Amino acid sequence: MMLPITLTVDGARTTVEVEPRETLADVLRDRLGVYGVRVACGEGHCGACTIQLDGATARACTLLAVQADGGAIRTVEGMAPTGAPLHPLQAAFVAEHALQCGFCTAGMLMSAEELLRERPQASDDEIRAGLAGNLCRCTGYQGIVRAVRRARDEANEGEAR
Amino acid sequence: MTLPPFEYARPHALDEAAALLATDGARALAGGQSLVPALAARQPGGPRPRLLVDLARLPGLDTIALDPDGRLRIGALVRQRAAERSPLVARHAPLLAQALAQVGHPSTRNRGTVVGSLAHAEPAAEVPAVAVALGGVAVIAGPAGARRELPVTDLLQGPQRLALDPGELIAELLLDPLVPGERQAWLEFAPRRFDLPLVGVAARVVPGREPRLTLAGVAPTPMSVTQHPAEGCDMTLLEGLDPHRTRIARTLTRRALEACGR
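For the protein sequence lines, the chains are A and B, in the order given.
So in the working numbering, spot 107 of the first sequence is number 107, and the numbers just go up one at a time.
So in the working numbering, spot 64 of the second sequence is number 1064, and the numbers just go up one at a time.
Don't read these hints as lab results, they were simulated from the structure.
Treat the hints with caution; some may be incorrect.
[What the hints assert, rightly or not] Now the stretches of chain B that chain A is said to cover, found in silico as 3 or more residues with beta-carbon under 8 Å:
1. 1084-1092
2. 1152-1159
3. 1208-1222
[Said to hold, decoys possible] Per label pair, the in silico range of CB-to-CB distance:
4. A/125 to B/1191: 12 to 20 Å
5. B/1194 to A/154: 40 to 48 Å
6. B/1193 to A/95: 26 to 34 Å
7. A/84 to B/1241: 55 to 63 Å
8. A/153 to B/1015: 50 to 58 Å
For clarity, every value in this text was computed on a predicted model and none was experimentally measured.
Heads up, the beta-carbon is just placed ideally off N, CA and C, and yes, glycines get one too.
Let the sequences and hints guide you as you build the complete structure.
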């Protein structure tokens, strides 16, 4: 049973035939070549595959691709197109050494972007709570929290100016 | 892991959904935040549906409304995140808003539904206990336009077990609203924050009445008690249950009552 679905991925509209059991993560990576979407546990525990569907974070490994039919998907690949400057959150991750192996980073960025969009003044506790669904096995999280705090402060300073 | 194969249907009418759900091996899919991980885990005894009936396109089930009789009406497709932020929920069922803030993570609450979590019937989960605490009634749709109401206490039969017949689905959840002067609190203990709790406690305190408490995680379904278990009268109810969980329940109960000003 193959079903045609339409997805808008980082601004590009595409139609693709999928099996009902294929997850959005499978389709993004294996059929559309969006390798910025990382799959680690594949069972909804780790948050590595976090993307944004219609502006809200979702775990691409526990979402059937058919459930996302008609939706607009944003991945880490859409945060800063090739050649463009990094997104402020990405730049903050670099500045604060918020990654080592980098496998969790795409998902972290997706969650952090939603968090700061919804709560521009997020407290440290809100940052930690907002990222609690994204596991990192390298950094111990301190650099990640610092990076999100830095992006928050830079955005707020930019607005004050 | 790659999911086991299944067929998929996305009906546009409740009748059509009920007819599909009446077929052998059919299972309803709402947000999928419990079902899809269970499929991916492929554990022995786990779900192996022949057909998933995606409820996402059913009309009229994504709203939260206040009934003329004052009850809060939550459609089967209302996302946990939407209910968590709903002004109606904040005003009339703050217990639900408090509890939802501790269900999973933003990325799962964005997809998962309130009614789906009820239907998953996990003994320690927040939503079933809150639904019991708020006098929840499930509006059940069935084949050929059939409709019936069932108290959540009768709906929940045990872990992952509901009193639903083939072809039936929960269309809406009705909850009692806050009464004047009432205070509500949800407290839970999880080994890791935002994980499924070991134990949760819903407290409702109305001046002049016995406090009403509902415990999640101590029994196969949420357990309602009317008095602080440590004060004596409900000790018998907790006897024979997991002593670790009942100790946590006592502590949480005390704190929940304090949070309600008792």
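* Could you work out which earlier hints the structure fails to respect and list their numbers in ascending sequence? => Violated hints (numbers, rising): 1, 2, 3, 5; every other hint is consistent with the structure.
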